[in-house]
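Number of protein chains: 2
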Amino acid sequence: MKGLLGGIEAGGTKFVCAVGRGPDDYRAEVRFPTTTPDETIARAVAFFKEQAEIEPIDAIGIASFGPVDLNPHSLTYGYITTTPKAGWQEIDLLGRVKAALGLPAAFDTDVNAAALAEYRWSGAALRDVDPLVYMTIGTGIGIGVIANGQPVHGLVHPEGGHMLLRHDRTRDPFDGCCPYHGDCFEGLASGPAMHKRWGEAAESLPIHHPAWDLEAQYIAEGLMNIIYVLSPRRIVLGGGVMQQQHLFPVIREKVLAMLNKYVDSDLLLETPEHYIVPASMGNRVGTVGAFALAEKALKA
Amino acid sequence: MKGLLGGIEAGGTKFVCAVGRGPDDYRAEVRFPTTTPDETIARAVAFFKEQAEIEPIDAIGIASFGPVDLNPHSLTYGYITTTPKAGWQEIDLLGRVKAALGLPAAFDTDVNAAALAEYRWSGAALRDVDPLVYMTIGTGIGIGVIANGQPVHGLVHPEGGHMLLRHDRTRDPFDGCCPYHGDCFEGLASGPAMHKRWGEAAESLPIHHPAWDLEAQYIAEGLMNIIYVLSPRRIVLGGGVMQQQHLFPVIREKVLAMLNKYVDSDLLLETPEHYIVPASMGNRVGTVGAFALAEKALKA
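Protein chains in written order, with the numbering used here: chain A, 1 to 300; chain B, 1 to 300.
Next up, chain A with everything else stripped away, as it sits in the complex:
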């Protein structure tokens, strides 16, 4: 590789643009609010043009908020599609960035990019972390999936936050807050769900508040379904709610209890702390994931 990689984390609230080659070679970054598409894309393009004068950039990756069109055979490939974000419906984000910079570019969801970052730079042999699931639990719940070396697309893209979980209304009479499904995973366990159920923000609830055991229970049930459907070799948990490090041992314990030794794997049974792990890249996971997408664009 000669030049640098450019990464865009395109969020509904802010854009983060960076250049570098990975989590340990992260050169420069800019963060700015997401306003209109014209203004926002122009700011991103200007950043990469400036950076390219310092050191050449070979390719760009875009990790985008959604929903997005990931089907390379579709006329709207690379578009943000039906988002509620005003002004951003049917915006050709990939096409505009490519045209303005004249560089190879790749595009995926923010969570698939985060999964790719954790996969590419896990420190383990890739085969030992394949499949890998990245789950973010914060304002919403999203999952990214790598299987057989590539992000999983499909009908749309994984939407693991909407799984149906068991909901014991005796223990938890809260109806859930997903506008589509009420008490799906996100409706029961996202940050806003916790806030609404307990009447205060999740981060202000003390460690011994019963909120956390219930939260760990829902997360563990969501992971159970993922383990049964996909048999991942690594599960990475990120997002605002997962800043609560005390959740990890409780989640692992509940997963093992529910599996009841059905899945015969030493990795999971003996060293669950190497199986269900915290996100390793903090607030750079989006841009570093975008670097990994840029690498793919370069190889393609």
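Don't read these hints as lab results, they were simulated from the structure. Hints should not be assumed to be uniformly reliable.
When chains are identical, the list treats them as one kind, so a pair holds in a single copy or across two.
Said to hold, decoys possible - Taking lysine-lysine and the DSS-like style, the derived pairs with C-alpha atoms no more than 27 Å apart in a straight line are:
1) Lys254 / Lys2
2) Lys261 / Lys85
3) Lys2 / Lys14
4) Lys261 / Lys196
5) Lys254 / Lys49
Using the hints provided, position chain B relative to the given structure of chain A.
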């Protein structure tokens, strides 16, 4: 391709061996009971040796009952591992067949092979059915998954039959019959679960018996979780219970109602009959899936 492909469906009750090139070029087949490993493997080997005198065989695929070791870097790759089937624990099925026939051979679970058969010979462009999930609902519930062109392995392999579903005990007081998890998917919706709950075999229950609406509900909930985790482009349902064709429209209707238009896909919303489909190969899906594995062995 010059010669034929050999396929073994290695089941706990019977072995099926066949030669051919696909579902439309299926030359010869033999079925015999699964007795001791020595005797059973010898009969399979003898069949392929006889067939090879008629027309050469280039490679062998084995679609096996499990649990199996699918990790090519493991010392027990290709083994049937901890099965309750007497005499079959820690049997090197792949190695013995390869050594006896001197041919390239590939190995996977019976459900992954079935998924591969439905993927390889779907009649659609491969990208239009990727990811593909094959689910069998019969004595047990199993899933096979193809993603990014290859079967998904992982920690072990997909075990979708053990997902946790919602269980409304007012509607269905049955405790479930899974020895590990009680009322998981398989514990509530397998053939034996139906038999135990209703006091008669599933196939003898009339079409308008309430058993079928409940069964469709559980299957639809299982599919919902698979759709959210993997976003498959095709779901194929096979196995004894799914011989009940009247289940299909009810399952599709329940899936669409529960999704509540969250997944924005014309394929799913407009033509669910092309999305959730019956298995297409009847009782040849195992051996045809094994042909697809043999093809992979030849390419590798």
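To test your reading of the hints: which numbers does this structure violate? 1, 3 and 5
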